[in-house]
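Numbering (the UniProt record's numbering), first residue to last: 1 to 346.
By construction, these hints were calculated from the structure, which means they are not laboratory data.
Each hint should be verified, as a subset may be incorrect.
[Claimed, not checked] Listed next, the in silico DSS-like pairs over lysine-lysine satisfying Cα-Cα at most 30 Å (straight line):
#1 Lys223 / Lys46
#2 Lys236 / Lys226
#3 Lys58 / Lys177
#4 Lys263 / Lys150
#5 Lys46 / Lys6
[As the list claims (entries may be wrong)] Label pairs and their calculated CB-CB ranges:
#6 Tyr206 / Lys272: 18 to 26 Å
#7 Asn2 / Pro92: 19 to 27 Å
#8 Thr14 / Thr271: 32 to 40 Å
#9 Leu11 / Trp79: 29 to 37 Å
#10 Thr57 / Gln268: 26 to 34 Å
#11 Ser152 / Leu11: 34 to 42 Å
#12 Ile302 / Trp79: 56 to 64 Å
#13 Ser239 / Leu11: 32 to 40 Å
Where is the CB? At the ideal position from N, CA and C, for every residue including glycine.
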Amino acid sequence: MNPQAKLIFALSLTLGTTLTISSNHWIMAWTGLEINTLAILPLISKSHHPRAIEAATKYFLVQAAASALVLFSSMTNAWHTGQWDITQLSHPTSCLILTVALAMKLGLVPFHFWFPEVLQGSSLIVGLLLSTLMKFPPITLLYLTSPSLKPSILMTMAILSAALGGWMGLNQTQTRKILAFSSISHLGWMAIIIAYSPKLALLNFYLYTLMTAAVFLSLNSIKALKLSTLMTTWTKTPSLNAILLLTLLSLAGLPPLTGFLPKWLIIQELTKQEVALAATIIALLSLLGLFFYLRLAYCATITLPPHTTNHMKQWYNTKPTNTMVAVLTTMSLMLLPISPIILAAV
1 MNPQAKLIFA LSLTLGTTLT ISSNHWIMAW TGLEINTLAI LPLISKSHHP RAIEAATKYF
61 LVQAAASALV LFSSMTNAWH TGQWDITQLS HPTSCLILTV ALAMKLGLVP FHFWFPEVLQ
121 GSSLIVGLLL STLMKFPPIT LLYLTSPSLK PSILMTMAIL SAALGGWMGL NQTQTRKILA
181 FSSISHLGWM AIIIAYSPKL ALLNFYLYTL MTAAVFLSLN SIKALKLSTL MTTWTKTPSL
241 NAILLLTLLS LAGLPPLTGF LPKWLIIQEL TKQEVALAAT IIALLSLLGL FFYLRLAYCA
301 TITLPPHTTN HMKQWYNTKP TNTMVAVLTT MSLMLLPISP IILAAV
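Turn these sequences into a full structure, and let the hints steer you where they fit.
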């Protein structure tokens, strides 16, 4: 793909995201979502591999259906109340349809089936965009409409997402699919808290974006698409592999790393809101995610590859690590001590 085309698609993604997150009118928000969908499709299918074309087709069909539901929800609300403002969503049917539409956009259970397949058919950089930037507009709409949505539906979806995201990631061998199920699990944590503390859900999303970007860029720099390849990368970039271990543990939510902060605050807030049972269940379900993060970390750093491996050991990489990877990994590991400043800013 030539640089001019990449620039056009990057600008379109920026325009679509900005349009959705800054709009008050449903039609403008819907337009931004459509621009985003159309801009990412060529990036998914640029390799012309059958799996990439399949991923682009699945993505288009799911996002088109979700956008149609967003439009239908807003029109139903406008028909009954005369309001097109995003924050004035009050009709119960519209709220239910919008919850389903945004769950489809985000990949929450039970509308999660498309996400691992699309991520598996994309490159790591496009996978990073799908896991972070493309989730930002729907999360913003969820944030704006959160007072109108039913907490019981969101909580059910959240617990199912945390369970299925952890459970289905256990036996995966492809790093992109593992990160897809990791994303579904993290979305569960955002969905469970958004009705009670929307700002906390956004903080969770920002920190998740930070840590996921660090993992995706690290895997991209060592070109690891499978666990078997990851086992042979210790000879290529030993220092990056060691940092990747810590970043994965941060993504799992272990203290004293950055990933512990949102989980700690969410469990605290749920306990204050007297839904301690949900907090206990989702905390226990995060152990499933911890298992496959530890598996990734074990393959990357702790174990030596067996002599029967089909992959040749890679040459030591003398080029310096990307500055962006260095900054993101540092932030993924060391933000917990300054959590009072982060909370004051939020």
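Under the constraints set out in the numbered hints, which ones does this structure not fulfil? 7 and 10
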